[in-house]
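K.L.:
Take a look at the letters that make up each chain.
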Amino acid sequence: MKPFLSYQQIFSKDHKNIGLLYGFTSLFFILFAFALVLLMRWQLAYPGHPLPVIGRLFGDSRMPNGIMLPEFYNQLSAMHGTMMIFLGIVPLSFASFGNYLIPLQIGARDMAFPKINRASYWLYLLGGLVMLSSFFLPTGSAGSGWTSYPPLADLASAGQTYWLIGMLLLIFSSLLTAINFITTIFHYRVPGLTFTRLPFFIWAQLVTAFLLLLAFPPLEGAAILQMMDRIAGTSFFMPSGLVVSGQVLKNGGGGSALLWQHLFWFLGHPEVYVLILPAFGVVTDIIANNTRKPITGYKYMIYSVIFLGFMSFMVWPHHMFLTGMGVAVSAFFQTTTMIISIPSVVIITCLFMTLWGGSIRFNMPMLFALAFLPMFSIGGLTGLPLGFISDIPLHDTYYVVGHFHYVVAPGTIFALFAGIYYWFPKVTGRYMNERLGHWHFWPSLVCMNFIFTPMLIQGIAGVNRRLYDGGAIYPHAQGVLYLNVVMSWAAGILAVAQIPFFINFVHSTFKGKKITSDNPWESTTLEWATPTPPPEGNFLKRLKVYRGPYEYNVPDADKDYSPQYEETA
Amino acid sequence: MNGSSPTETINYIVDENPQTGLYDSKLGIWLFLASEVMLFGALFSAYILLRTGSFSWPSQHDLMNVPIGTVNTMVLISSSITMIMSWISLKRNQFGRYRLYLGLTIILGFLFLVFKTYEYVDHINHHLYPSTNVFLGMYYTMTGLHALHVIGGIVVLSYMWGPGSRMWLTNPKRLTNRIETVGLYWHFVDIIWIFLLPTLYLI
Amino acid sequence: MAFCRYHLDFSFAYTLSDLKADMKNSISNSNENLSSRKYILVFISLLLLTVLTVALSYLKHTLMLTIIIAFTIALFKGGLIVRYFMRLINEKPVIFWLLFLTFIFLFAILFLTFFEQQNQVNTNVLPFT
Chain A
1 MKPFLSYQQI FSKDHKNIGL LYGFTSLFFI LFAFALVLLM RWQLAYPGHP
51 LPVIGRLFGD SRMPNGIMLP EFYNQLSAMH GTMMIFLGIV PLSFASFGNY
101 LIPLQIGARD MAFPKINRAS YWLYLLGGLV MLSSFFLPTG SAGSGWTSYP
151 PLADLASAGQ TYWLIGMLLL IFSSLLTAIN FITTIFHYRV PGLTFTRLPF
201 FIWAQLVTAF LLLLAFPPLE GAAILQMMDR IAGTSFFMPS GLVVSGQVLK
251 NGGGGSALLW QHLFWFLGHP EVYVLILPAF GVVTDIIANN TRKPITGYKY
301 MIYSVIFLGF MSFMVWPHHM FLTGMGVAVS AFFQTTTMII SIPSVVIITC
351 LFMTLWGGSI RFNMPMLFAL AFLPMFSIGG LTGLPLGFIS DIPLHDTYYV
401 VGHFHYVVAP GTIFALFAGI YYWFPKVTGR YMNERLGHWH FWPSLVCMNF
451 IFTPMLIQGI AGVNRRLYDG GAIYPHAQGV LYLNVVMSWA AGILAVAQIP
501 FFINFVHSTF KGKKITSDNP WESTTLEWAT PTPPPEGNFL KRLKVYRGPY
551 EYNVPDADKD YSPQYEETA
Chain B
1 MNGSSPTETI NYIVDENPQT GLYDSKLGIW LFLASEVMLF GALFSAYILL
51 RTGSFSWPSQ HDLMNVPIGT VNTMVLISSS ITMIMSWISL KRNQFGRYRL
101 YLGLTIILGF LFLVFKTYEY VDHINHHLYP STNVFLGMYY TMTGLHALHV
151 IGGIVVLSYM WGPGSRMWLT NPKRLTNRIE TVGLYWHFVD IIWIFLLPTL
201 YLI
Chain C
1 MAFCRYHLDF SFAYTLSDLK ADMKNSISNS NENLSSRKYI LVFISLLLLT
51 VLTVALSYLK HTLMLTIIIA FTIALFKGGL IVRYFMRLIN EKPVIFWLLF
101 LTFIFLFAIL FLTFFEQQNQ VNTNVLPFT
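Residue numbers (the working numbering), protein chains in the order written: chain A, 1 to 569; chain B, 1 to 203; chain C, 1 to 129.
Since the hints were derived computationally from the structure, they do not count as laboratory data.
Mixed in with the good hints there might be a few duds.
Residues from chain A shown here face chain B by an in silico Cβ test under 7 Å; the list is partial [stated by the list, open to error]:
hint, residue
1, Leu175
2, Phe186
3, His187
4, Pro191
5, Leu214
6, Glu220
7, Gly221
8, Leu249
9, Gly252
10, Gly254
11, Ala257
12, Leu259
All C-beta atoms in this analysis are idealised placements derived from N, C-alpha and C, irrespective of residue type, glycine included.
Using the sequences plus the hints, can you model the full thing?
P.N.:
Here you go:
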């Protein structure tokens with residue numbers, strides 16, 4: 001291996017190094033946020049019981065005698081969501097995978113703006129450190145949900161200000177990355193690589209970049225307004241006559257708490273598509289490769305992803321159905337929400353149809369990609385009732401939590417695992433171990449279902465979300481309380497199931513089975529045309545593209561895959 | 001990206017990409033400006049919701065210093081014409097003119113900030129703080145964010161006037177592109193003010 | 001390259017006459033067809049429109065009329081800057097479509113939120129005192 005963590009690598013402008021930096025940092029944050037939720041799951045399964053062994057380590061302000069305080073539960077909950085989304089999944093799927101692979105898949109030497117790329121990473125790291133440091137404040141971290149609704153968030157302790165500062169840094173970092181990706185994709189495709197010949201991964205990243213570019217700034221604006229409320233005494237989000245702890249608040253008043261919700265969810269909805277689109281991209285490339293078939297309906301997938309990106313800006317009030325919206329506006333947004341379900345269905349259907357008649361190779365990337373399909377489908381289908389305003393009783397219950405976790409956890413995260421197993425040989429020159437992969441995959445798949453299906457059940461029973469005791473004091477929740485224990489044990493086993501992955505990752509980097517070709521999966525796309533690992537500048541000669549991205553088993557070809565960059569079939 | 005591998009280095013730092021007709025930083029800055037439209041758009045949206053939902057709203061025309069706001073608008077518009085003249089000077093190979101016009105742009109930018117500071121100080125002397133009412137909160141926030149953008153612009157323009165102008169000797173076309181790129185940002189800052197004036201002073 | 005240092009006289013009159021001399025020389029000096037004339041015209045229009053907007057605001061109109069007048073003029077001024085100073089007419093369509101897309105979303109956040117608020121049924125929310 002080349003020198004590890006050298007000065008050159010850490011302060012590199014090379015997109016591959018930056019991609020890896022994002023990758024390691026985001027995997028750390030995902031692990032950290034997972035640890036936060038494991039703590040929460042103890043409290044939910046055994047509310048009021050001291051956490052054995054490590055409980056007292058958290059001190060009296062958080063867990064006196066090892067028993068979790070409600071305030072600490074709220075902090076864990078808010079930071080779990082925030083860190084998973086903004087410090088974990090988006091940096092991994094968008095910034096890490098995108099940075100490493102976009103120039104490689106389009107035949108470019110690097111990104112259009114390498115120095116800005118480097119700055120983006122450091123802004124991200126700084127934002128992440130600000131968020132992490134908030135745990136060490138005397139009053140703890142932000143604890144008003146990852147959604148930071150006022151008036152609560154306006155009045156919350158100092159940790160919320162750290163959250164706002166962290167978000168401003170993260171948003172700026174994302175904006176710079178989005179600009180970099182879009183410019184690179186528009187300008188640096190090699191000759192012959194027209195837009196309709198791009199791998200779907202690139203299309204997905206392109207639409208994601210536009211979503212981040214145009215949807216993040218309103219949250220930036222809202223964060224500035226909330227910062228002003230907290231620091232300068234303004235009342236943008238605080239209505240008049242607010243009573244806090246029995247006393248009327250002495251502030252200017254005249255604000256609107258719903259204003260925050262509008263500005264937040266204007267980002268919040270496109271954000272969920274940011275979470276899923278790169279995953280669609282990864283899974284598509286892997287499915288084409290491991291079915292040895294072109295993707296069925298590839299052009300329709302492109303139209304769908306563009307339409308999806310556009311519509312995602314028009315549906316955000318479906319997160320606000322419980323706020324007293326009128327009938328006309330609710331009907332409008334219910335309609336747009338129904339419409340937006342169509343493109344995702346098209347994309348998933350195309351992927352399912354691609355499997356038909358394929359010569360499926362069941363390697364580790366493919367297992368994760370195959371699991372993604374039904375898991376994401378469950379997530380998507382459980383979202384449909386939420387879009388109907390008639391199903392109001394499901395809102396703000398665990399049903400929502402189950403729905404979105406299905407999409408992100410056995411959905412996106414599985415797709416990203418698939419991507420890691422798939423592109424690991426390109427980065428390191430070695431395969432990841434299949435046996436350890438199975439020990440990682442099967443328990444993870446089973447456990448995730450045992451965690452998130454009970455949430456759907458509890459939600460239908462009426463258990464609210466964000467309750468620090470998991471519903472224990474409510475009569476209507478008693479019948480489903482036992483599921484808390486089931487879910488917590490499943491979460492614990494899920495944690496153990498990640499150990500084979502880490503062992504695999506580290507061991508394979510140094511001692512994994514070496515690849516014998518630069519294109520070990522016999523893929524058609526351009527990233528496999530480089531030496532392994534790719535050097536500075538990526539390619540040994542300037543490539544030209546002759547065909548589409550998924551030309552597998554072309555009739556009369558001499559091998560079962562026809563790379564985009566090879567002239568003869 | 002130095003020549004460690006034998007691939008030809010085609011880049012669009014100086015020359016335009018044939019498909020988009022743009023060089024990299026121009027596409028980049030337009031994308032950035034699109035995001036800035038959404039940022040200020042969110043603040044304008046907040047203004048609309050807060051004002052239309054409020055029981056009473058102070059008379060902005062009376063509370064604000066409209067003459068100074070008007071003068072400031074003209075200062076920024078003038079800085080926009082000097083900005084574009086500085087780019088045209090470079091296109092015409094007139095380096096001296098470029099520095100003159102760019103210097104004027106920077107000075108006009110400073111003048112804007114001077115007037116803005118005078119306004120803020122005047123308001124504070126009359127006990128009009130961001131916390132006084134929602135309108136003043138929006139006024140300070142929106143003009144404050146705009147002023148931060150002006151400051152950022154002045155920093156970059158000053159660099160281009162000073163050490164950055166040395167690029168004229170090594171890569172004049174690239175310097176011209178940089179000035180065009182910064183100019184686009186500067187014009188955008190002017191446009192935002194053109195909308196802030198009626199929103200916060202006149203209606 | 002000539003580093004010409006001009007006398008640093010910042011009066012407007014000097015600059016304008018300088019610009020006029022520019023226009024006379026532009027045909028012989030320029031390596032591009034860049035006439036300053038249209039930029040000067042836009043500049044003067046912007047100044048005049050500013051004066052107009054402010055002057056009209058002193059007259060007592062209804063709020064709706066004031067808003068319509070002020071923002072129509074502001075949109076026109078913004079349009080002039082984008083079209084001429086930012087030279088959008090000289091660019092290929094990609095920038096136009098990017099801006100078009102952005103403005104659709106801008107209108108969404110400006111007006112869909114407004115309609116939602118107007119359609120509220122929760123009487124405890126509006127009006128905010």
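K.L.:
Could you run down the list of hints and mark each one as holding or not?
P.N.:
Hints versus structure:
no., hint, result
1, Leu175, "holds (5 Å)"
2, Phe186, "holds (6 Å)"
3, His187, "holds (5 Å)"
4, Pro191, "violated (10 Å)"
5, Leu214, "holds (5 Å)"
6, Glu220, "holds (6 Å)"
7, Gly221, "holds (3 Å)"
8, Leu249, "violated (12 Å)"
9, Gly252, "holds (5 Å)"
10, Gly254, "holds (4 Å)"
11, Ala257, "violated (11 Å)"
12, Leu259, "holds (5 Å)"
Figure legend: structure checked against the earlier numbered hints; hints not met, in rising order: 4, 8, 11.
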